[in-house]
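These are the residues of each chain, in order.
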Amino acid sequence: MADRGLSVSEEGNFYRDGGRGVRSWVFSTDHKRIGILYLVSVLSLFTLGVAVGLVMRLELISHGPTLVQAQTYNSLFTLHGVVMLFLFIIPATPGVFGNFFLPLQIGANDVAFPRLNLLSWWFYMAGAFIVLATIITGAGPADTGWTFYVPYSLVTGRNVTLAVFGVFVLGASSILTGINFITTVHRMRAPGMGFFRMPLFVWSIYATSWIQVLATPIVGITFLLLVAERTLGIGVFDPSKGGDPILYQHLFWIYSHPAVYIMILPGMGVVTEIIPVFSRKVIFGYRAIAYSSLGIAVMGSMVWGHHMFVSGYSYTAGVVFSFFTFLVAIPSAIKVFNWVATLHRGSIRLDTPLLYALAFIFLFAIGGLTGLMLGALSLNVHLHDTYFVVAHFHYVKFGGGGFAFFAAIHYWFPKMFGRMYNRRIANYAWGVLFIGFNTLYFPMFILGFEGMPRRYYDFLPRYDNLQMLSIAGSWILAAGLFAMFANLAWALVRGERAGRNPWGAATLEWQVSSPPPAENFEKIPEVTKGPYDF
Amino acid sequence: MTSDGFDGREREKGHRDYTGSKLGMWLFLATEVFFFAALFLLYAAYRLRYAEGFRQASSSLSLFAGTVNTAVLITSSLTAALSVAAIRRGRKNHSTLLLLTTVGLGAVFLVNKYFEWQDKFSHGIYPDSAVLAGLGGGESVFYGLYFFTTGMHALHVIGGVALLCLVAALVYTGRVDGQDSIRLENSVLYWHLVDVIWIYIFPLFYLIG
Chain A
5 MADRGLSVSE
15 EGNFYRDGGR
25 GVRSWVFSTD
35 HKRIGILYLV
45 SVLSLFTLGV
55 AVGLVMRLEL
65 ISHGPTLVQA
75 QTYNSLFTLH
85 GVVMLFLFII
95 PATPGVFGNF
105 FLPLQIGAND
115 VAFPRLNLLS
125 WWFYMAGAFI
135 VLATIITGAG
145 PADTGWTFYV
155 PYSLVTGRNV
165 TLAVFGVFVL
175 GASSILTGIN
185 FITTVHRMRA
195 PGMGFFRMPL
205 FVWSIYATSW
215 IQVLATPIVG
225 ITFLLLVAER
235 TLGIGVFDPS
245 KGGDPILYQH
255 LFWIYSHPAV
265 YIMILPGMGV
275 VTEIIPVFSR
285 KVIFGYRAIA
295 YSSLGIAVMG
305 SMVWGHHMFV
315 SGYSYTAGVV
325 FSFFTFLVAI
335 PSAIKVFNWV
345 ATLHRGSIRL
355 DTPLLYALAF
365 IFLFAIGGLT
375 GLMLGALSLN
385 VHLHDTYFVV
395 AHFHYVKFGG
405 GGFAFFAAIH
415 YWFPKMFGRM
425 YNRRIANYAW
435 GVLFIGFNTL
445 YFPMFILGFE
455 GMPRRYYDFL
465 PRYDNLQMLS
475 IAGSWILAAG
485 LFAMFANLAW
495 ALVRGERAGR
505 NPWGAATLEW
515 QVSSPPPAEN
525 FEKIPEVTKG
535 PYDF
Chain B
1263 MTSDGFDGRE
1273 REKGHRDYTG
1283 SKLGMWLFLA
1293 TEVFFFAALF
1303 LLYAAYRLRY
1313 AEGFRQASSS
1323 LSLFAGTVNT
1333 AVLITSSLTA
1343 ALSVAAIRRG
1353 RKNHSTLLLL
1363 TTVGLGAVFL
1373 VNKYFEWQDK
1383 FSHGIYPDSA
1393 VLAGLGGGES
1403 VFYGLYFFTT
1413 GMHALHVIGG
1423 VALLCLVAAL
1433 VYTGRVDGQD
1443 SIRLENSVLY
1453 WHLVDVIWIY
1463 IFPLFYLIG
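Quick note, the sequences are listed as chains A and B, same order.
Heads up: the first sequence begins at 5 in the working numbering, then just goes up one per residue.
Heads up: the second sequence begins at 1263 in the working numbering, then just goes up one per residue.
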């Protein structure tokens, strides 16, 4: 790739000009540095989550206790869920790429509240430490599953109180990020950048932020109730005192279902950035994609009951939630059709970021369509709490949210670090990852359909073959992840200079040098064209 | 279309984005509303189920103490609002005094609340108590929600009092003035929220007996 910009050494960049040493990072209010802080922290916790996941798979390699006892397995799937959801996929894309690129993309020099932004990262770290502290303190990590369902979470001796409080702190971090981004989008856009000239990544972060602000407080208070229940015995969820455990499930999912869209919407935004750049075409249906982000945010808030079809509520409630669940598929499908229409007759360059984006569409489509199966009342009774559900949400969150995160890393890596990775190796790693992912999770659809329940540390002999296939898949996936990260780590020190705009993109972040200077724009740009007018 | 957005460079020169700060504060208040909304949702579900138990438990709360606290908080909102009006006219000492009055009224509220809880405790009514276990499920749940909701609200009052003390110091030392009053205005907004939440708590818990 030709080096079109000035080389890094001649121009200022935020690594060099923002000060040196740990303090210049952990107390920095520069949105780019905070983005890098998030990158380092979420990737560390992702590694932990992957390791726990691999151990869980390995446990199932033979019947009976293999590596761990049943009770430890319960703690492992809880820890895996809490780490992957609250510490990785929810903060990952907004925290890393939202922070780094949202201000750049709207032509601003920082977010609206830079100090609040730093506080949000500190809350994230505090929450992470509290959650990790449950492993080594008291009676050990929680064994309830990441949902902390009552009444079991009230009676288990494990560290539920601490874990739940840690997640509460993480929620505060998420809320502060949301408030910051909404205000930034409303107040900090460069002259000429109307709402409909914003890159669609900004739109998706904007919609995500609204969910973060409006839904997170509900789970916050619910977790505080759980803490009060365990420490003071207030009896609001305790059936022996007249409380109703089902109400806990309602309050939990009122947040946690919209949270699924906190995980996927930023990823959709990333894919929407990548596809027009690598097909050299204006995005098809800009407004439809922008509005469908808001549509997902609104509709996604009305479907929480589909997690509770067999919990015991009225048939009418089931029908209504099932119907809404089908409706929420519409805005997601609108996006998929618009992406495909953008690719249609484009001048496609099959580079690494596009490969990840295409994998996202493929895997997310499988995840989304199986979601419709789970949203159907009758089928849900059969599939509830089976491996089918496990496969479904891994296709959505890992195949969707996770692959979009990898797409974002490969798309923005040259901008963030000023260097380009080896794209041949990156493409091979993508292939291994893609094969590993499907080998790991696709058999789970069949296992679930045949009745294999989730969260069991053992299984019947008739599931032997598919379990083995899935375990083999987990190793292929791990190899793919290793190759991907090793390639990027190599590029960090040895990669060739990337230049200002290696992909030939039109959004504003590519108009500054790579890595960007400490103050972003020397002069706030005057925006005169859309984000995809190449 | 030109944006009315705020240029980061203006911030470096020491200007504040007044509208942006207000927007951020309102978003934060929205999260607080949803925070308490979840408790009101629980309240609605349980009251529907235990109408009689809720009525009985409610009639045992002190209507007098609740009414006094309502009057105290509404008055404190008035003095808080007047402190903003005072700073806009440049009357620094007046504004500080009104803020301290607000803080005092907040303290009165908390003391009153303390005695109210103390009274319940002395009758053996507190979370997980034997007396509550002897009452029906409805009354037990009512008190569970009552202690949790008013406790959460009291924590917000304490936070608000601390915030107003801080901003009173800023006003008194002149770091918040008529030109740059956003920190005062946002703090007072927060205090109004604490007041508004109470306006909902009061009838729901005290007035259904």
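None of these hints come from the bench; they were simulated from the model.
It cannot be assumed that every hint is accurate.
[Stated by the list, open to error] Simulated restraints on C-beta separations:
{"#": "1", "chain 1": "A", "residue 1": "Met129", "chain 2": "B", "residue 2": "Cys1427", "range": "44 to 54 Å"}
{"#": "2", "chain 1": "B", "residue 1": "Thr1329", "chain 2": "A", "residue 2": "Ala337", "range": "51 to 61 Å"}
{"#": "3", "chain 1": "B", "residue 1": "Ala1395", "chain 2": "A", "residue 2": "Ile250", "range": "19 to 29 Å"}
{"#": "4", "chain 1": "B", "residue 1": "Thr1329", "chain 2": "A", "residue 2": "Ser28", "range": "28 to 38 Å"}
Glycine included, each C-beta is placed from N, C-alpha and C at the ideal position.
Practice item. Sort out which numbered hints this structure fails and list those numbers smallest first. Key: When the structure is compared with the hints, numbers 1 and 4 turn out to be violated.
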